[in-house]
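Undergrad: Residues per chain are reported as follows:
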Amino acid sequence: MRKFLAVVKREYIQRVRTKFFIVATVLGPLFLAGFTILPAVMFGIRSGGPTRLAILDESGKMYERVAKELTSGKKPSDEDAAQTLEQTSSGNNNAKEKIDQANKLSRTSYLVEDVPLKGRSVADSRTDLEKRIQTHELDGYIVLPANLLKDGQAEFRLRNAADVFTVSSVAAAISRAVRGERLAEARIDEKLVDEASEPIKLRTTGAGGQESKGEASFYLAFGAGLLIYMSVLLYGQFVLGAVIEEKETRIAEILFSSMRAFPLMMGKLIGVSLVALTQLGIWGLAFLIFSVWAAVGSSIPLPQIPAMLFVYFVIYFLMGYFVYATVYAVVGSMVTTTQEGGQMALPVVLMLVAGFLLSRNIIRSPNSSLAFWTSMFPFFAPITMLMRIVTETPPLWQILLSLGIGVATIIGLVWVASRIYRVGMLMYGKKATIPEVWRWVRQS
Amino acid sequence: MEDTKPTLILDHVSKSFGDFVAVSDLSLQVRAGRVFGLIGPNGAGKTTTIRMIVNITAPDSGRVELFGQTMRTAMQDRIGYLPEERGLYKKMKIGEQLRFFAELKDLRGAEAEKRIDIWLKKLDLFSWKEKRTKELSKGMQQKVQFITAVIHDPDLVILDEPFSGLDPVNVELISDTILEQKAAGKTIILSTHQMEIAEKLCDDVCMINRSHKVLDGKLREIRRSFSRNAVALQFQGEDGLLNDPTLVASIRQHGDDTEVLLVPGASPQELLRRLVEANVAVTKFELVEPRLHDIFIEKVREVA
Chain A
1221 MRKFLAVVKR EYIQRVRTKF FIVATVLGPL FLAGFTILPA VMFGIRSGGP
1271 TRLAILDESG KMYERVAKEL TSGKKPSDED AAQTLEQTSS GNNNAKEKID
1321 QANKLSRTSY LVEDVPLKGR SVADSRTDLE KRIQTHELDG YIVLPANLLK
1371 DGQAEFRLRN AADVFTVSSV AAAISRAVRG ERLAEARIDE KLVDEASEPI
1421 KLRTTGAGGQ ESKGEASFYL AFGAGLLIYM SVLLYGQFVL GAVIEEKETR
1471 IAEILFSSMR AFPLMMGKLI GVSLVALTQL GIWGLAFLIF SVWAAVGSSI
1521 PLPQIPAMLF VYFVIYFLMG YFVYATVYAV VGSMVTTTQE GGQMALPVVL
1571 MLVAGFLLSR NIIRSPNSSL AFWTSMFPFF APITMLMRIV TETPPLWQIL
1621 LSLGIGVATI IGLVWVASRI YRVGMLMYGK KATIPEVWRW VRQS
Chain B
446 MEDTKPTLIL DHVSKSFGDF VAVSDLSLQV RAGRVFGLIG PNGAGKTTTI
496 RMIVNITAPD SGRVELFGQT MRTAMQDRIG YLPEERGLYK KMKIGEQLRF
546 FAELKDLRGA EAEKRIDIWL KKLDLFSWKE KRTKELSKGM QQKVQFITAV
596 IHDPDLVILD EPFSGLDPVN VELISDTILE QKAAGKTIIL STHQMEIAEK
646 LCDDVCMINR SHKVLDGKLR EIRRSFSRNA VALQFQGEDG LLNDPTLVAS
696 IRQHGDDTEV LLVPGASPQE LLRRLVEANV AVTKFELVEP RLHDIFIEKV
746 REVA
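Note that the protein sequences, when read in sequence, are chains A and B.
Residue numbering for the first sequence follows this note's numbering, starting at 1221 and increasing by one per position.
Residue numbering for the second sequence follows this note's numbering, starting at 446 and increasing by one per position.
Think of the hints as simulated: they come from the structure by calculation, not from any bench.
C-beta: ideal position from N, C-alpha, C; glycine also.
Watch out, some of these pointers could steer you wrong.
Mimicking BS3-like on lysine-lysine, the simulated pairs with C-alpha atoms at most 27 Å apart in a straight line are [as the list claims (entries may be wrong)]:
id : chain 1 : residue 1 : chain 2 : residue 2
1  : A       : Lys1467   : B       : Lys574
2  : B       : Lys535    : A       : Lys1223
3  : A       : Lys1229   : B       : Lys535
4  : B       : Lys645    : B       : Lys574
5  : A       : Lys1338   : A       : Lys1370
6  : B       : Lys538    : A       : Lys1223
7  : A       : Lys1223   : B       : Lys450
8  : A       : Lys1229   : B       : Lys744
9  : A       : Lys1467   : B       : Lys538
10 : A       : Lys1229   : B       : Lys576
11 : A       : Lys1467   : B       : Lys583
12 : A       : Lys1223   : B       : Lys574
13 : B       : Lys538    : A       : Lys1239
To spell it out: a stretch of chain B is covered by chain A in this simulated footprint if at least three of its residues, at any positions, have a beta carbon under 8 Å from a beta carbon of chain A; those stretches are [claimed, not checked]:
id : segment
14 : 494-503
15 : 516-525
16 : 530-540
17 : 546-552
Okay, chain A solo, but in the shape it has when bound (with noise of 0.2 Å):
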């Protein structure tokens, strides 16, 4: 026992004292925070000014409508769809060269102008724009043809026409303001048609009658399982280093001549998961801090989720984490470097995939047999029993029956591991197929 500690204590210092884990555990969070939260920030900039386009209105009638939806960049409020209405029974006010500011949404980033036909031909007009594109004093041209409100074909040139996001945008424009201006020659109130639109509220209840644990539960479920998935990638090979560290500084006949296989292996899968461990507590712990900040600040209410169920996604949690490591242990104890070993423990890996693929089944019928099998099944039950304890709360002797076969699992692989690993040490280090392998778990 004492060894086995001296195991678990060397592999959980070595590694928490280096300066990767130090660094990996300051900016783990910082990357994730970047990683959601810049696309959205650089979606939203862009860099270089606004847009700047110029609108070629043949039906003489759409301009100020584009131009609205353009410079507003969002769905028109009721204010701004009677404005509009007002404004186009006025009728159209081409003679003025105008210039919608951008800046007056923080989010618009367009500046539009209005070319006037004033006689000439659209085929002139167009030279003149492509001129403007070619010196750079344009962006892009949009030409309205006469019959856009029928079925003709609105036309858009852009320099960058590789830039999707801005497409994207002119066409949803195009079509609101295509949209209000059918519904104004209809003589049907777009403010009407907006409140019409408007989605229900919905409140949903268990069978009990009372507030269902909702949303804010699976999504714990859910999230058991990303974060058994990504731990498992993250520190998996961990393990598999770990494994496979005494064979390559060949020190492992030093070990075995100083204490028994089993134990070792334990140790190894112990400490390297409380380095796993420490990790994600420091990063759950922040986040946790971080959101209770961010709810007190905002007064967003906190998502209510039953005690219990934090307990059992802790355990399910610890339970898939270490079933899916130990596979990692069993791979490292075959193979003799960490490359082999992480190309042979994918295919295992992606049975947890399958766990997230049978979670649609299990939430519609969490009382199938389907259901039952797969929470009874190690590799799936973290996800599987996690999604029906959200839904339908198995009865207790399940859950137990579940975990009892996790640890079953967690033991016999381990075991099967140190095997493995004593054996092949003693062939002298050669790299073991798996016919081979089954027969040194069978044998001596």
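Keeping the supplied structure of chain A fixed, place chain B upon it in accordance with the hints.
TA: Just chain B, lined up with the frame of chain A:
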């Protein structure tokens, strides 16, 4: 030597891996306070034998008895083992590693700390205690590995090729340390291919070839039994005396020495008398004890 009970007894021990027979019906006894040489060519079964002694693997048949008891895991703490396949944790400091290996032998705390310092000083490594393995030369690493085998003051020390990679000064240092351990009443099993060192250090020798024991006993007796009636000579002036086929079987030049192998039955005294009579100026006349090296090669060839 029969008065003390042997530290280690292998009793008709066999071990196979699949179809491959690694050790076949091996019996031997190792006594306390002696250096026991386990020699043999590569792949003879030495390492497997040692692994059975340190309880890494169990024999298929036969019995390993240590300190008068059948081998158990708990007895591993009384053995110090320096395997041929050995290494250190690359990123750990030397002091930490020794602490870890000591803990694996159930030695910890202040006592462990004290012995780590004593050994590091003894092997001129003390200033390296806080350095990481990768900063050490290969020879230094070898010495650190040696310490891991003796740090817990084991009663049985098993050293597999302890001198590989060491310069002559360090070979001397480790040799002296081994002899100190012997003087302290420890039992030492030494496996090596360096026959000159084995010759110097070993009291008893067991030679294994192709999984079988081919030789076993006190080194001195083994050498005597292999005596080939040879004489090493240095002399000036000779008149064909050495070509007498009734006396000399063969002549071989060995450095400055002329090694004369006498015909069976002829005595070295007879050769000396004839040389003196012939007025040859003899500057060296020495009965040649066969070297372990030669015995080794002879035995290996015999089987092949």
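Undergrad: For each hint, tell me whether it holds in the structure or not.
TA: Comparing the hints with the structure gives:
| no. | hint | verdict |
| --- | --- | --- |
| 1 | A:Lys1467 / B:Lys574 | 24 Å, holds |
| 2 | B:Lys535 / A:Lys1223 | 21 Å, holds |
| 3 | A:Lys1229 / B:Lys535 | 17 Å, holds |
| 4 | B:Lys645 / B:Lys574 | 32 Å, violated |
| 5 | A:Lys1338 / A:Lys1370 | 24 Å, holds |
| 6 | B:Lys538 / A:Lys1223 | 20 Å, holds |
| 7 | A:Lys1223 / B:Lys450 | 31 Å, violated |
| 8 | A:Lys1229 / B:Lys744 | 49 Å, violated |
| 9 | A:Lys1467 / B:Lys538 | 19 Å, holds |
| 10 | A:Lys1229 / B:Lys576 | 20 Å, holds |
| 11 | A:Lys1467 / B:Lys583 | 18 Å, holds |
| 12 | A:Lys1223 / B:Lys574 | 23 Å, holds |
| 13 | B:Lys538 / A:Lys1239 | 16 Å, holds |
| 14 | 494-503 | holds (count 5) |
| 15 | 516-525 | holds (count 4) |
| 16 | 530-540 | holds (count 8) |
| 17 | 546-552 | holds (count 5) |
Taken one by one, the earlier hints fail for this structure at numbers 4, 7 and 8, listed in ascending order.
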